[in-house]
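S.K.: Single-letter residue listing:
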Amino acid sequence: MVDRRYALIGVEGNHDQAFLCKILHKCLGFSKFDGKISELDTFWRKFVPIFPSDSGRLYMRLDTPSILHTNEISVAIYAGEGSKLVTNLSAKLSDIDPSALLAFGIVADADKHSPDKVAENYHAGFNEFFPDFPSKPGVLTESSPRLGLYVLPDNSNQGVLDTLLYHCGKSAYPEFMQRAESYIDQFSQEEIQGIGWKPFDREKAIIATVASVLKPGKTNTVSITDNNWVCSETVAAIPELNSITSFLNELLAVKTADSTAL
Amino acid sequence: MRKLESIHFHQFRGIRDLHLENLGQVNLLVGINNSGKTSVLEGLSIYCHPLDLREWLKIARQREQENRFNQAPILDSIQWLFPKLLSHEDKDDQPETGMLIIEGNGSYPVKKLQASYEVIEGLRISERKRRRNSVHSEQGDVQIEQDEDEVPEIHKGIDLHLEIYADSGQLTFLDATPTLIQDFQLWEDDYTGKLPSSGHLNLKTSIVTPSSHRSEINQVKLLSGASFQNFKVDIISLLQQIDPGIIDIEILLPPDSIASRPNPNTYIRHEKSGLAPLSTFGDGVRRLLHIALKLASVRGGILLIDELEVTIHTEALQESFKWLVQWCKQLDVQLFATTHSLEAVDALIKATESESDLVLHRLEPKGTHTRVVRHDWSRLKLLREELGQEVRW
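So the protein sequences, as listed, match chains A and B. Residue 81 in the working numbering sits at position 81 of the first sequence, with consecutive numbering throughout. Count along the second sequence from 1, then add 1000; that gives the number in the working numbering.
Warning: the hint list may mix true and false statements.
[Claimed, not checked] A few chain B residues that face chain A, going by a derived Cβ cut-off under 7 Å, partial list only:
(1) R1379
(2) L1382
(3) L1383
(4) E1385
(5) E1386
(6) L1387
(7) G1388
For the record, the hints were derived by calculation from the structure and aren't laboratory data. Note that CB positions come from ideal geometry on N, CA and C, so glycine has one too.
Build out the structure end to end from the sequences listed, making use of the hints.
M.R.: Okay, structure coming up:
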């Protein structure tokens, strides 16, 4: 049996986590871990949180990572609590042997700052463990472990995951997207100001509208997982999606029949 | 600066290349069985008594204390402090040798202890026989038997060579030549009392083992010392964490004590049972008292506790540890403790309140070294209290 290697990817929220899982599963041939602790790879045992923690917050979401694997690689996608990603993931890294990883990567977004500024922050944040962690977005360092940083939507423009999903939706569900946009555009500037939208909330509202039609009563994460926002057609049609898929492929040094087509 | 800021066990007992960096006031050692936690405590004790071979022997035999009548011979005990090299078994023609090296940094002047031994054989009159004959002579026993006993026999021994590197006066140790070199010859039939026992360069340390509270040797002496330091009132408040009915601790002569050979004992005055010997109380009370008295005895030094949580009920852990941390600070004592208990880790996090108060070191043996994962208080608090993470392995 081939010794399995391990990779850890940090993201800022559940939607990003579901998005990466979908790419790994659908495009790069990874299988999903079914969540049974008896079948958990022992390497990830330290990532299983104990509930209730001592924080006193009983409704706090558990930060169990999503785990996917091939015969050779096991990948954990850890969702930090947004701005706490560096703090929480650093604490996790401090308790394992980071040099045992095949790869470590971050997929963040650029909602408040430019991708360059986001990259600088993550470079500084993980310097304690990985001095070679990239200081530029979209860069992959072929060290040991392999290190990579991708800033959504495309490493150059400001935006979020939904900015990219917007393009995916236009390709996979053009009619639904058009109707959702028409619906959202009915809201006046005054109404939007009253609700208090932040930058990129228009894209988020459109994606959530279509997701709610595709999976009524479910969350965006369910729609990202079950519907065709990410599929071979959208990967082929949307350069930004192709770009992050290629990035993950290189970060994890994956060699599969599917990945060679990227 | 702390007495010890860092310690590096190059080789000692079964541990190799183990660094403990940025030590705190309280240092918690965790790790799987056989990861070297107890050896670290023993190594620290040896390092802080570099010329006191009686202390070395005491430490070497610490794990046998439950079995005093079947202790390993002196030489074996001392030799087991040194790493066992498998290559010895292949080289019949070469004398068995061993070397231990411990290096440290901090205000304690000793910076490096390097000890080596070589097994020797020699013709000598047994020390035990010499002593016996001396007694016989005094009693006028038969001269012939004495002469036969004085025939030299082949005995096993070791040449022990110690090199100590230390700051001296205004001079700072620069890793050039040893500050002190001492050579000793130890023989298999030596008496413990004959071992060299210099207090030069000693730093006060004391070990609390999981069972040492049951052997109350020196307990009375320790308690007298504690009372002298006006410490007794606080010890009573500590014991009240376990049993709120405890009122006082006293040293008294048992009723059947012989006037010519007084044998004072420790008694506890309890609101329900009145005055009763300490030995009639539970392990929790006895161990906490033992820890408190040992703490008082090493003011300005180092306290070493193996299995910190032993005998203390989980509900009493936090308050007991608060007391311990407070008095470690007050008495300027650096604490090193091992534990297997997550409850003890959590209780200590709550009993401490700053980065330097508490440091957790997790020992992870690898092929040629022991990897140490270090968590300071704030990271440990985040891992345990926010992320609910297991930190013992």
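S.K.: Each hint needs a verdict: does it hold in this structure or not?
M.R.: Comparing the hints with the structure gives:
1. R1379: This hint holds: R1379 of chain B lies near chain A, its Cβ roughly 6 Å from the closest one there, short of 7 Å.
2. L1382: Since chain A brings a Cβ to about 5 Å from L1382 of chain B, closer than 7 Å, the hint holds.
3. L1383: Holds, about 5 Å.
4. E1385: Holds, because the Cβ-Cβ distance from E1385 of chain B to chain A comes to roughly 4 Å (cut-off 7 Å).
5. E1386: holds (5 Å)
6. L1387: holds (6 Å)
7. G1388: holds (3 Å)
Every hint, counting from the list given before, is met by this structure.
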